[in-house]
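Working from the sequences, and respecting the hints, build out all of it.
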Amino acid sequence: MKLFRTVLLGLPLLAGCGGDTARSLGFTRDPPDEFQVTTRAPLSVPPRMTDLPLPTPGAPRPQEQRPPASAILGTVPQAAAAPSGAERALLAQAGQAAPDNIRSQVDAESLRLDRPDRSVVDRLMFWRADQTQPGTALDAQREAQRLRENAALGRESTDGVTPVAQPPRRGLLDSIF
1 MKLFRTVLLG LPLLAGCGGD TARSLGFTRD PPDEFQVTTR APLSVPPRMT DLPLPTPGAP
61 RPQEQRPPAS AILGTVPQAA AAPSGAERAL LAQAGQAAPD NIRSQVDAES LRLDRPDRSV
121 VDRLMFWRAD QTQPGTALDA QREAQRLREN AALGRESTDG VTPVAQPPRR GLLDSIF
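Start counting the sequence shown at 1; every next residue gets the next number (my numbering).
Heads up, a few of these hints could be off.
Just the calculated beta-carbon pair ranges, DEER-fashion [unchecked claim]:
no.: 1; residue 1: A41; residue 2: G10; range: 47 to 53 Å
no.: 2; residue 1: V121; residue 2: G58; range: 46 to 52 Å
no.: 3; residue 1: L25; residue 2: D117; range: 17 to 23 Å
no.: 4; residue 1: S84; residue 2: D139; range: 54 to 60 Å
no.: 5; residue 1: W127; residue 2: E156; range: 45 to 51 Å
no.: 6; residue 1: L9; residue 2: D139; range: 55 to 61 Å
no.: 7; residue 1: E143; residue 2: T28; range: 52 to 58 Å
Since the hints were made in silico from the structure, they are not lab data. Glycine included, C-beta positions come from ideal geometry on N, C-alpha and C.
So this is what it looks like as structure tokens:
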């Protein structure tokens, strides 16, 4: 009976360790990623060892080399013809071409979205969100007034002091919570 109570009291503590507790204890199965699994051609023994080609270090395996599409299809690749009017119209409607570094941009955005959930310990230790914002906030009304005055007096728009928005004062309880 005492063991039963100990186990019952220990389960909430174990559950508070995070979402990966079951995985680290071996209760969940982790199948391999089907996109990462590759198969290799089976090994076979030739009838005579003299029929084997001489090995060349660093050369690709013959089983893994892919023949060109022209060898498979039996066609000779031809020079690309000029695009037709419909193709040119389609390309014009598609907009500008993707930048050269589009793959790295997509990867960076995916990494930002693929952040793991914070564990209970992280949420308890770092419960306050970072409240600092990069840059300096402008006072929009005073800045618009300054620009109107400069335009009316014929001055440059960069003349004068740029008004900065002051952050609101925080009370004692705001700094605690």
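Status of the hints after comparison with the structure:
As the Cβ distance of A41 to G10 is approximately 51 Å, the hint placing it in 47 to 53 Å holds. Remark: the range hint 46 to 52 Å for V121 to G58 is upheld by a beta-carbon distance near 49 Å. About 18 Å separates the C-beta atoms of L25 and D117, a value consistent with the hinted range of 17 to 23 Å. Between S84 and D139 the C-beta distance comes to about 57 Å, which sits within the given range of 54 to 60 Å.
As the Cβ distance of W127 to E156 is approximately 48 Å, the hint placing it in 45 to 51 Å holds. At about 57 Å, the CB distance of L9 to D139 agrees with the hint of 55 to 61 Å. Range check, E143 to T28: about 56 Å between beta-carbon atoms, so the 52 to 58 Å window is met.
Against the hints set out earlier in the document, no violation occurs for any number.
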